[in-house]
Amino acid sequence: MGKICLRDAFRRSAQLPEELECHIMRKRQLCIDATVSIIASLRAQQKTYESRWLQGRGTREQKSAALELVGLYNLASAADRMASYTITGRSEGASDIGAQTDMQFERAIEAFERARSLDLLDVGILLHAAAKQLIANSVRTAVRGANSLTQRFANYLVNRPHNPIFELLPPQRAALAEEGLISTARRSIVVNLPTSSGKTLIAEFSILQAINDLGSSKGFVAYIAPTRALVNQISAKLRHDFGELGLRVERLSPALEFDSIEAAILDAESAENAEPPVNVLVCTPEKFDLLMRRDDIRDKLGVLALVVVDEAHNVGGSDDRAIKLELLLAMLNREHRDARFLLLTPFIKNAKEVATWLDQVNYQDYSIAADWVPNDRVVGLALPPRDKAKRGKLLEDIRFRTLHTPRRTLFVDEVVTLPGVSPLLELTESVSKTAVNRLAVATTQVLSTRGPTVLLCGRVDATWDAAKTLAMYFDNLGEQSNTRRALAARFVEYELGKDFPLADYINVGVAVHHSGLPEEVAQFIELLFSERQLHTLCSTTTLAQGVNFPISNLVLATISQPYKSKMDYSEFWNIAGRVGRVDQEAVGVVALASSTQEQQTKHEQFVSEALENLASRLLAMAQKLYDERALKGLRDFVWQPEWSAFAQFITHTFRRVGPVKFADELELILRGTLGYKALRENNTVLARHLLIQTQQYAQGFASDMGAVKLVDSTGFSIESVRRALSDLAQVHAPESLLSGSLLFNGKNRTLKEVMGILLKIPEIRENLEFGKGSDGSKLAFMVADWVNGRPIPDIAKEYFEGETDVEKITECMRNVKKISTSASWGLASLISMKFGTSLESMSDEQRREAANVPSMALYGVNRDSAIALRSAGVPRNAALGLAARSSLGQGGSVYRLREELKGSHETWAIALGKQRGADYHQVWSMLEGV
1 MGKICLRDAF RRSAQLPEEL ECHIMRKRQL CIDATVSIIA SLRAQQKTYE
51 SRWLQGRGTR EQKSAALELV GLYNLASAAD RMASYTITGR SEGASDIGAQ
101 TDMQFERAIE AFERARSLDL LDVGILLHAA AKQLIANSVR TAVRGANSLT
151 QRFANYLVNR PHNPIFELLP PQRAALAEEG LISTARRSIV VNLPTSSGKT
201 LIAEFSILQA INDLGSSKGF VAYIAPTRAL VNQISAKLRH DFGELGLRVE
251 RLSPALEFDS IEAAILDAES AENAEPPVNV LVCTPEKFDL LMRRDDIRDK
301 LGVLALVVVD EAHNVGGSDD RAIKLELLLA MLNREHRDAR FLLLTPFIKN
351 AKEVATWLDQ VNYQDYSIAA DWVPNDRVVG LALPPRDKAK RGKLLEDIRF
401 RTLHTPRRTL FVDEVVTLPG VSPLLELTES VSKTAVNRLA VATTQVLSTR
451 GPTVLLCGRV DATWDAAKTL AMYFDNLGEQ SNTRRALAAR FVEYELGKDF
501 PLADYINVGV AVHHSGLPEE VAQFIELLFS ERQLHTLCST TTLAQGVNFP
551 ISNLVLATIS QPYKSKMDYS EFWNIAGRVG RVDQEAVGVV ALASSTQEQQ
601 TKHEQFVSEA LENLASRLLA MAQKLYDERA LKGLRDFVWQ PEWSAFAQFI
651 THTFRRVGPV KFADELELIL RGTLGYKALR ENNTVLARHL LIQTQQYAQG
701 FASDMGAVKL VDSTGFSIES VRRALSDLAQ VHAPESLLSG SLLFNGKNRT
751 LKEVMGILLK IPEIRENLEF GKGSDGSKLA FMVADWVNGR PIPDIAKEYF
801 EGETDVEKIT ECMRNVKKIS TSASWGLASL ISMKFGTSLE SMSDEQRREA
851 ANVPSMALYG VNRDSAIALR SAGVPRNAAL GLAARSSLGQ GGSVYRLREE
901 LKGSHETWAI ALGKQRGADY HQVWSMLEGV
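First residue of the sequence shown? That's 1 in the working numbering, and the numbers climb one at a time after it.
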């Protein structure tokens, strides 16, 4: 430190708590040990400099100077104690940090008063208030009195090497500490907080509480996420965070079947597997619904302790998945009375109503304003020039008109000019007044200098056009690649071909994100963007469902969506809420590109829309059923996916309670749904009609209990089961369904016939259709090519249309994702229908082979070991190579395989080639968080 002025040094130390609060709130890598180190250094230098410094003062000044030093000593001691408490949870061997710091600050303030040092007195008073807030926000304060598992987790959060968390955000502190969610025994909890306010950490503490409450009982926690991407993201995070605690986190594939790999996961403690039990299971609602209907599988996991539902506002969605989620929760609530529920949602007005739905007595809701953000954010319109456009004149700047700011402290002129539109974009003023996509690209280019920027496009092809233009601009600027970008570019080439342009875009910091990318490529793009290795992302609304990374700027080219008139409130704020994150210093900007006056008016109205109640999809369904009562009954609607979900719910309940009790308990069963509860309160006529129709629908169940049982094992309605059973009787050589090598050999007649059957099943038909004139034969050939490892570019050229290879590959991947999931589901269901209990009499090897057939269709591989590798998160091309040229995955245990993969660098290199193997291993490690 040298001969630093002692008083200045103490001033610096006294400022540390204030700086600490600022830095921790922004999650910087500030080493709190530096506080202790500086103060220790000052103590050592006190002996050398204190007397000399005081003697250098005049007689009149010595007393005041000494008092100032006493005050500064106390401030330094307070900082030292707070640093110790933040890291260890204790200071001076005790946890009464509030009393300790109060004593130090009061002594300091008294000394400054006696010294008549007004400037230091002000500093002392302000720092005392800041210290109180720091202590209140501390993770250590929040977990005082909590169980040992929670205490260990808090210790991990504070001491982890990357992104340690020393204190909670205001919503987290209020929910966990003030509302008591960290140790609550409430059975039904709704956490209604805006995007970016830290709901996942709240969920983690709740999970630990539930696991602790299990004690010595066998049980698990279910974490339900709406999308495959979010399932992967959450499972990786929980596995990383809970690994230090010795907890096992596993994810399940979205496929509605259970292969031998997943069966081993779910029966981890069996003598055959001898693995640690699964503590947390992460999956989609549909997968968990199927799991909880399968008594033979569910019971192996033990007690269901807690159900965490991420993006729970999807219960009120407009698609058929909404009713599926609602009915799943109703089923769990009825059949698992000891289970607790934690619903995480950013946008519902009636959180209390939703919480009381699952438990009318033992509930709790916690909500704060929907536009709370830990940083400032401005929402406005990106506009073309006000004046009449000059012919041929290039656009030079963007006008930005503010519509919304969340803080009164943030003042922005109503209209500001954003200069710097590049002439490379070749956008004229006249075109900017009509072509909103090009105006959005220009706005993205201008804002990108401020930080990570997302351009939200209405269509997939628009993302490619925008990325091409922006990549050209950044390339012209001399944007350089780096190690991470180069790795991502090579990965894209391995997956999609050497000439695929995304690789070039990534090298200059630009990427796309949409449903037409392989899952692992999309995940890797998300990861690089979160690490700020990419600065510009052109995306569709695939980002809406919880993908977690910081955004400085969001530009919307449209508020419309394919097959929908426009985004709803929650979809918009779910994306816009990612702008203005806690680790950003600049004001976040959300810009809605508006070329015409009509667009301006529409966007103004859209931003001003209010938060709405979460309404059950069952309300609209019941209304439609009533409106068409003269012509149709419930049986006429079950071909629709949403009514199929309702029919399956009723059929499952019929099987559980039995024919004798069903009639008496039906109304109680319906009362367990959020929708029927609302109907009874607001429209008894509709409620009564739905009850009668349901009674009539179930009348024939008792005479066909075999089909009723198949509803639970397949996820199809009883009508679909009956039709499929009839069609299966005509299938040639159905035994081929039990062997992947036979079924997918490319010449198998059985595959063509069963694909034809699946195309008739309402629940999956839409997802299996592609191109023009899809039929069982064409679908069978494509699925066989996919399973046998044919590269995506080749499949795209063979089966999909488009003017360019990019269009063909994009359309191919978009369809392959849907087809692989639905074909897997369909094959598993047909095997269950055709062979049923006869599977139990087969050998273990035969049962394993049959169970893995659907997963071959899901993952696009043709070996059991490759299925294991894919289950462990290995990309398809790498899994094919590793399975063919190594023994990895042959044990069938994902738990052990994951450990083997970590240290198998040489195996990857031998199987895939030196560079390719090293790249794939690094990509896998990053995606899995290992």
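Be a bit skeptical, because a hint or two may be false.
Heads up, simulated DSS-like pairs for lysine-lysine below, C-alpha to C-alpha not over 27 Å straight-line [as the list claims (entries may be wrong)]:
#1 K752 x K817
#2 K237 x K818
#3 K300 x K237
#4 K902 x K914
#5 K218 x K300
#6 K393 x K498
#7 K808 x K778
#8 K760 x K818
#9 K468 x K797
#10 K752 x K797
#11 K709 x K468
#12 K632 x K388
#13 K834 x K818
#14 K393 x K352
#15 K818 x K797
#16 K390 x K352
#17 K778 x K834
#18 K797 x K747
#19 K752 x K818
#20 K349 x K393
#21 K808 x K818
#22 K817 x K468
#23 K498 x K237
#24 K834 x K752
#25 K300 x K433
#26 K624 x K760
#27 K760 x K632
#28 K747 x K709
#29 K778 x K752
#30 K760 x K778
#31 K747 x K632
#32 K677 x K747
#33 K709 x K300
#34 K602 x K632
#35 K433 x K390
#36 K808 x K797
#37 K808 x K834
#38 K498 x K797
These are computed hints drawn from the structure, not numbers from a lab.
Cross-check of the supplied hints:
{"no.": "1", "hint": "K752 x K817", "in the structure": "20 Å, holds"}
{"no.": "2", "hint": "K237 x K818", "in the structure": "26 Å, holds"}
{"no.": "3", "hint": "K300 x K237", "in the structure": "25 Å, holds"}
{"no.": "4", "hint": "K902 x K914", "in the structure": "16 Å, holds"}
{"no.": "5", "hint": "K218 x K300", "in the structure": "9 Å, holds"}
{"no.": "6", "hint": "K393 x K498", "in the structure": "39 Å, violated"}
{"no.": "7", "hint": "K808 x K778", "in the structure": "17 Å, holds"}
{"no.": "8", "hint": "K760 x K818", "in the structure": "16 Å, holds"}
{"no.": "9", "hint": "K468 x K797", "in the structure": "22 Å, holds"}
{"no.": "10", "hint": "K752 x K797", "in the structure": "21 Å, holds"}
{"no.": "11", "hint": "K709 x K468", "in the structure": "53 Å, violated"}
{"no.": "12", "hint": "K632 x K388", "in the structure": "58 Å, violated"}
{"no.": "13", "hint": "K834 x K818", "in the structure": "24 Å, holds"}
{"no.": "14", "hint": "K393 x K352", "in the structure": "56 Å, violated"}
{"no.": "15", "hint": "K818 x K797", "in the structure": "18 Å, holds"}
{"no.": "16", "hint": "K390 x K352", "in the structure": "56 Å, violated"}
{"no.": "17", "hint": "K778 x K834", "in the structure": "23 Å, holds"}
{"no.": "18", "hint": "K797 x K747", "in the structure": "20 Å, holds"}
{"no.": "19", "hint": "K752 x K818", "in the structure": "18 Å, holds"}
{"no.": "20", "hint": "K349 x K393", "in the structure": "48 Å, violated"}
{"no.": "21", "hint": "K808 x K818", "in the structure": "16 Å, holds"}
{"no.": "22", "hint": "K817 x K468", "in the structure": "25 Å, holds"}
{"no.": "23", "hint": "K498 x K237", "in the structure": "32 Å, violated"}
{"no.": "24", "hint": "K834 x K752", "in the structure": "16 Å, holds"}
{"no.": "25", "hint": "K300 x K433", "in the structure": "63 Å, violated"}
{"no.": "26", "hint": "K624 x K760", "in the structure": "24 Å, holds"}
{"no.": "27", "hint": "K760 x K632", "in the structure": "21 Å, holds"}
{"no.": "28", "hint": "K747 x K709", "in the structure": "33 Å, violated"}
{"no.": "29", "hint": "K778 x K752", "in the structure": "8 Å, holds"}
{"no.": "30", "hint": "K760 x K778", "in the structure": "15 Å, holds"}
{"no.": "31", "hint": "K747 x K632", "in the structure": "43 Å, violated"}
{"no.": "32", "hint": "K677 x K747", "in the structure": "53 Å, violated"}
{"no.": "33", "hint": "K709 x K300", "in the structure": "20 Å, holds"}
{"no.": "34", "hint": "K602 x K632", "in the structure": "38 Å, violated"}
{"no.": "35", "hint": "K433 x K390", "in the structure": "11 Å, holds"}
{"no.": "36", "hint": "K808 x K797", "in the structure": "7 Å, holds"}
{"no.": "37", "hint": "K808 x K834", "in the structure": "36 Å, violated"}
{"no.": "38", "hint": "K498 x K797", "in the structure": "15 Å, holds"}
Checked against the numbered hints above, the structure breaks hints 6, 11, 12, 14, 16, 20, 23, 25, 28, 31, 32, 34 and 37 and satisfies the rest.
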